[in-house]
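A.B. asks: Take the given structure of chain A and dock chains B and C to it, following the hints.
Listed below, chain by chain, are the residues.
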Amino acid sequence: MRRFRATLASLFVTTTLVVAGCSSGSPGGNAAQAGEPVSGGSLTWAVETEPITFNPHQYAQAKTRLLVWNTFEALLTHDDKGGYLPWLATGYEVSPDGRAYTFKLRTDVTFSDGTRFDAAAVKANVDQLLAPNYAPAVAAVQLKNLDKVEVRDAATVVFRLRKPDVLILDFLSSPQGAQISPKSLQEAENLKAGGPQLAGTGPFVLDRYTPGQEVHFTRNPAYNWAPPNAGHSGPAYLDEITYRFLKESSVRVGALTSGQVQLIEGVPATDESLISATPGLSLQRGLNSGSTYSYYFNTAHAPFDDVLVRQAFREALDVPAVLAGVYRKTATRAWSVIGPTSPFYDKSLENTYGANAQKANQLLDQAGWTARDAEGFRTRDGKRLTVRLVQSAPFVRDRRDVLAQAVQAAVKQSAGIDLQVQLVDQGTATKALADGAYELFDNSRADTDAGAALNLMLYSTGSINRTGFKNPQLDKLLDDAVATTDQAGRTELYRKVQQLVITDQALVLPLYAPQDQIAASRSVGGVGFEPTAGVPGSAYRLWLGK
Amino acid sequence: MTIALDRPGAARARSLRAPRPGLAAAAVFLVLALLAALWPALFAGDPLAADPLHVLEAPSGQHWFGTDQLGRDVFARVVHGARHSLSIGVAATLIAVGAGILLGLLAGLSHKIADEALSRSFDALSAFPLVLLALLFIAIAGTGTTSLIVAIGMALVPHFARVVRAQTFVVRRAAYVTHAVAFGAARSRLVVRHVLPNVLGPVPVLAVLGLGEAILLAAGLSFLGMGPQPPSPEWGAMISEGRGYLHVAWWASVLPGAVVTATIVALTVAGRFYQRRFEGRELA
Amino acid sequence: MITAILRRAGAGLLVLWAAATAAYLALLAAPGDTVDAIVGDGADTPGIRAQIIQEWHLDRSAVVQYLDFLLRAAHGDLGRSYLLQRPVSAVIGSQLAPTLKLAVAAAVFGVVLALLFAVTARRLTSTAGLILVSTPPFLIGIILLSIFSFRLGWFPVSGDRGFAALVLPAITLGLPIAGTLAQVLRDGLDRALDEPFAVTARARGLRESGVLIRHALKHALLPAVTMLGWSFGVLIGGTVIVEQVFGRPGLGQVTVQAVNSSDLPVVLAVVILAAAVFVVINTVTDLAYLLIDPRLRRS
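Protein chains in written order, with full-length UniProt numbering: chain A, 1 to 546; chain B, 1 to 284; chain C, 1 to 299.
Looking at chain A on its own, in the form it has when it is part of the complex (with noise of 0.2 Å):
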């Protein structure tokens, strides 16, 4: 249920990122132990989010991305440096003036209902993509600037745009720009549902689905066109993978732990320690794309409409010290909005803020907040300093209402301000977003190009644009870098997006990178992530050992 809306791109990306299997608290790995890759067999993967849909094109939730790719492929796919490797199509060209795209598509790919994939099924899905009721929020957010897809012949096609956008590149290697058969688009009962009834291109075919508790894919012995990434080329190495919805993390690890199933996504800091106690089981984390966890500042009252308030309330928390109290040594602190995998991120943001108590209470004297209540919080005209985060419960990850916790009793504790944290039903949340009934709004977005969020966060009107904050200069230089192809532009544009919220106008509290871990049996191998969104990666290179 955890929605976004990836989007996004970056061409020509020249910085060298890592992202898959950033740090990882297995000495050793796991490949030595699974040996060489052998096929067959099959495996049990114990994930903590079912799906709402399995229609890529309605695809939402970052959690469920490792299942799309089984059994759906895109025209084009990242590599680890931010740029784009050919998957369905071949290559592609950029027009002199940014506003045509032209495909070459491979000629030897069909889909799993035997149907060929060509230009004509690319442009039924776009034509799909548009269609009134479908996927709006695609259509009014990835697709806005498509003008429309032109079928050249069988194996060419092109998408002009309005306006230069390079983020239609990062649309046609996300999931909602994944390809249906267009004979499932037409036939199937339950469309935007998705399940066994779409079919794919992908190494895998969905063929069961029993809704709350798992989904089952068996192998597509036709695959032959894997993305030069992939590790291994032809069908993949397992003949069925399940994957079993557990929402409770101490049943997914109990499961493994167990050994009834063989890998879990979402491994909580606390329980890591039983994972490596555990002989036999190895454990993988990687820093997902996409923005960082942050609190953001709501500027249209007070007394976040005061920069001042804002900076020191940055300067009262030691996030160190609080990620450590939740997440033990496990979670990557964060210094800037953007996630420091991606080519964008601002290195030289990190150490210029936080941690300050001293310089936090100076602030906050200097903002006239100067007089202290009987249980020793901050007032000012008799009014008590008191700033609320609301949180929508459905959407809660990773702990973070017990971060809030924890955020909760440090700065009362630093600075005497008074955190209340409301962790409410999604109807409340949006109510109290709609009321501006809020002073802090907290997430964190996995889209793998981080312009995609930006845009959406920060831009004056931008659809989730929770501080209020509007300024004609921030969305000039967000306009700039999405209109600009060179990758080495857009990061200086970037830079100076980040020095503008982060460092002159503190509208953003970074807290942590988001990061998905694997916990896995020894015996399976090819355990990763995929590259630059950093979530864990589909069922094809996986393989079980002896």
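There may be inaccurate statements among the hints.
Label-pair distances were calculated between CB atoms; the ranges are [stated by the list, open to error]:
1. H75/C / Q186/A: 20 to 30 Å
2. A50/C / E116/B: 29 to 39 Å
3. L206/C / L200/B: 38 to 48 Å
4. V90/B / A371/A: 31 to 41 Å
5. W154/C / L38/B: 27 to 37 Å
6. H75/C / N471/A: 15 to 25 Å
7. L14/C / A437/A: 37 to 47 Å
8. D373/A / R72/C: 53 to 63 Å
9. A164/C / L200/B: 50 to 60 Å
10. D207/A / R60/C: 34 to 44 Å
11. V225/C / A25/B: 26 to 36 Å
Selected chain C positions facing chain B (in silico; Cβ < 10 Å) [claimed, not checked]:
12. S146
13. G238
14. A258
Note that these hints are calculated values from the structure, not bench results.
Predicted, not measured: the structure shown is a model, and the values here were computed from it.
Glycine included, every Cβ here is placed at the ideal spot set by N, Cα and C.
C.D. replies: Showing chains B and C alone in chain A's frame:
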């Protein structure tokens, strides 16, 4: 725990005689719980003091119940939680008792059709899953302590209403009421002076038993994430928060759970003791 | 008898309508409107909102939507889930079997355990039963899971695959039922054993166990049957929590998800279903009385 609330069968019963030592233990425990709810500082320190350096530590001389995921003392939280949990329970029970008496009297005293409609809806509501009722209410009113209290209170109303209605029927036909009617007593006066006091007999006992149920229901709803806001140390919320750490720190959920169980057992033992006393008087 | 059944059916329909209407009104009053619920925490622009309103026909007045809902419900069409994009009947239908399986298994376990306790270990019953019904069920579930699945590996952790996976959830759900039922049975037995017929039976030289099983138990069953309807309420409510603990598919999971995300059509369907179950159980209970106690047949 719905037991005995509205099942006369379960209620009577000499077999429910709790052993004396049990009654004494229950009484001591309830007094302690009450003291904890009124003056928690007597027993323990700050329930909110987080200590990132000592998270999830096992029970020891310093932390009797260990520490939780933020390094807070679980014992201190349990003690302070008595106020939250008991007041949620008491408030919900009061709502249920109040509305129950009103509706029960109304049904018991009205004409056949109105009575039929009312008591049918009590039946329907009391067979309707409590959790579902409370969930629905929370979906409407939003999460938070107040809606939790009202949700539980509303879910318990039918129990009280049914008993009061049945009791009203008995009283209505009793000789002193028929006599009063014969002497031309006004209806309102009749209700207030004669019916009400005699109908209320079983209510305190039911309220004590209902309190236990309210606490249990609150714990269940907290587990589903519909409980009081963090960081308030409500018992159900503590069990629920602690469950994610069961592999490494069983005490964070099991010990608050044991306290919930002990409280409800003690309430039930005490409630039944008075129930017997009450029935003894009635029989005599 | 037939008029009684017909009257029952009419009253049942009334209950269904009342439950659906009450739930509809209640959800209308919930914070945030339907469009908010469908948007969730995703991208939110006026354009997207307009499309959602158009797709779900939310521009009609509440009264029209309510009447439309009633009309379609009467034809068995419960609409589509906002969240899952599937017909509600498919969402509920696929989850009905696992929940029923769990409820029945728990009921059977609860009744068997209660009979066992009430007849054999009558002293122990009140203490053990009391503790069982006083412990939050999810705590029992978590502890059972830790011991028997994670530590000992006797039972699979979850899911709905075969009998073994049913054992722990059924025990968790059945224990409180057993605790309550055992006490009711025991009270009934104790009372029955004091009745003249028991004394007579004893006087005829019947052994105590014979008196207990042949005569007293039958009498003790009547109050226990009264508990049937109540038990189903507890079972259905309990599945909400037990399914969550054990990661089992079922209506409980669907309900919590629907309530959390204000998935109105699904919530309404669950309410209607629960009301329907209530009506059926109530009717069955009444008929069961007639079977057990011949005296009632005459009236």
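A.B. asks: Determine for every hint whether it applies to the structure shown.
C.D. replies: Checked hints:
| no. | hint | verdict |
| --- | --- | --- |
| 1 | H75/C / Q186/A: 20 to 30 Å | holds (27 Å) |
| 2 | A50/C / E116/B: 29 to 39 Å | violated (49 Å) |
| 3 | L206/C / L200/B: 38 to 48 Å | holds (44 Å) |
| 4 | V90/B / A371/A: 31 to 41 Å | holds (36 Å) |
| 5 | W154/C / L38/B: 27 to 37 Å | violated (46 Å) |
| 6 | H75/C / N471/A: 15 to 25 Å | violated (55 Å) |
| 7 | L14/C / A437/A: 37 to 47 Å | holds (41 Å) |
| 8 | D373/A / R72/C: 53 to 63 Å | holds (56 Å) |
| 9 | A164/C / L200/B: 50 to 60 Å | holds (51 Å) |
| 10 | D207/A / R60/C: 34 to 44 Å | holds (40 Å) |
| 11 | V225/C / A25/B: 26 to 36 Å | holds (35 Å) |
| 12 | S146 | holds (6 Å) |
| 13 | G238 | holds (7 Å) |
| 14 | A258 | holds (9 Å) |
The structure fails to meet hints 2, 5, 6 from the earlier list, while all remaining hints are met.
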